[in-house]
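K.L.:
So the chains spell out like this:
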Amino acid sequence: MSVLIKSAAYDPWQVLADFQQQRFGASAAYGATAVFTGTMRDFNEGDTVKAMTLEHYPGMTESQLEQLIDSAKSRWDVIDCLIVHRVGAINPAETIVVTAAWSAHRSAAFEACRFLIEELKHNAPFWKKETLGDDSERWVSENTPG
Amino acid sequence: MSVLIKSAAYDPWQVLADFQQQRFGASAAYGATAVFTGTMRDFNEGDTVKAMTLEHYPGMTESQLEQLIDSAKSRWDVIDCLIVHRVGAINPAETIVVTAAWSAHRSAAFEACRFLIEELKHNAPFWKKETLGDDSERWVSENTPG
Amino acid sequence: MITIRYFASLREQLGKEQDQIDSADNMTALDAWNRANTGTKPPDNILVAINQSYARLDSPIGSGDEVAFFPPVTGG
Amino acid sequence: MITIRYFASLREQLGKEQDQIDSADNMTALDAWNRANTGTKPPDNILVAINQSYARLDSPIGSGDEVAFFPPVTGG
Chain A
1 MSVLIKSAAY DPWQVLADFQ QQRFGASAAY GATAVFTGTM RDFNEGDTVK AMTLEHYPGM
61 TESQLEQLID SAKSRWDVID CLIVHRVGAI NPAETIVVTA AWSAHRSAAF EACRFLIEEL
121 KHNAPFWKKE TLGDDSERWV SENTPG
Chain B
147 MSVLIKSAAY DPWQVLADFQ QQRFGASAAY GATAVFTGTM RDFNEGDTVK AMTLEHYPGM
207 TESQLEQLID SAKSRWDVID CLIVHRVGAI NPAETIVVTA AWSAHRSAAF EACRFLIEEL
267 KHNAPFWKKE TLGDDSERWV SENTPG
Chain C
293 MITIRYFASL REQLGKEQDQ IDSADNMTAL DAWNRANTGT KPPDNILVAI NQSYARLDSP
353 IGSGDEVAFF PPVTGG
Chain D
369 MITIRYFASL REQLGKEQDQ IDSADNMTAL DAWNRANTGT KPPDNILVAI NQSYARLDSP
429 IGSGDEVAFF PPVTGG
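Chains as they are written, first to last, in our numbering: chain A, 1 to 146; chain B, 147 to 292; chain C, 293 to 368; chain D, 369 to 444.
Fair warning: there could be bad hints in the mix.
Claimed, not checked - Computed spacing ranges between beta-carbons, pair by pair: (1) C:Ser355 with A:Lys50: 41 to 49 Å; (2) B:Ala172 with C:Met293: 43 to 51 Å; (3) A:Ser74 with B:Ser217: 30 to 38 Å; (4) B:Ala172 with D:Met369: 50 to 58 Å; (5) A:His105 with B:Ser217: 21 to 29 Å; (6) A:Asp135 with D:Ser421: 53 to 61 Å.
Since the hints were made in silico from the structure, they are not lab data.
For each residue, glycine too, the CB sits at the ideal point set by N, CA and C.
Whole structure, please, built from the sequences with the hints as guidance.
P.N.:
Printed below as a string of structure tokens:
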């Protein structure tokens, strides 16, 4: 499975190690791996953020992310991709998202990895609600570019 | 230390986990991490490659890589970078290189990470010698673009 | 029967997670919204999914479909 | 005294890792090469470092310097 939805804190590096071992074992077919990890910060738009809740649309989320991987595979010469995304209650410094691409070529790996995170941010049905320093809550209204 | 020269096989994900823990601990200052890993393939230019030896220029290598990180930090809004590179005798599927960049912003992380691997390939004093399927040896004459 | 689902800030504003409505001939996603939320217009930036794929307010729907309405996504 | 170092395929072709030569006034890296490798021209694509920083064949060198010659790099 190349799409993982996690409802508890996870170590992104361990997930990458496990996926790579399981998917490739001792094979030397790929030469290049590009990875992005997104981590929850303790600030946003000038405010302290104490905690966050990530809502998603179960079912549609997984199918959207699988479509993104199919799309990346059709556009670039990548062997496989991985997307991991957290849902539920999250604390600062915990990992929200991982996107990764394995290829024989580094440009394909980089471009596919970046495509996955950009498209995920614009299309995958996740919504963030922040708990601020004064315990008030607010929905994040939109993702920032870049 | 943000530059590591490794003379034995290493787990890139473990090195990343250790560096991130040591450098950032439970801090939530960064939001974006971009990573590239380069792995030894068992083929090159149409030939089977059984093993490889990586020679380097001790001293100059480290100072070149530290200069690359300084340069990335001056060009992009990155908090820190890591470069790990293997030397000595290497087998297929072992990790040769890791470049990584931590930033508050994903575009800075991606661009700095890619800059590090591209510049490393063109400037850092490493040289690869391949052992082919028939036990003959050849020096890799130049790096391929992209 | 058509199932209508609401997510995130829209779910909180409406105070409900889902509606079940009867289907009719030639219905669109907007018709479903209007039948379930009489007198309330959908927000300008609303997103629509039919059977868990992106669609539009004027996309046709029929019996057994799941229609979802939600605000701009903010994952990653 | 000037130390000259050779790496990778160039080291193997020359059959030596390093030379020690006496310094002289107004020497360049190329002068050091020529003194240590009489009758052999440096390869066209040779790279030069002086005291572990990139330099050129016409860069000046002096007593105590370490000059290195090597082929195009192939790390990463």
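K.L.:
Checked against the structure, which of the hints given earlier come out wrong?
P.N.:
none
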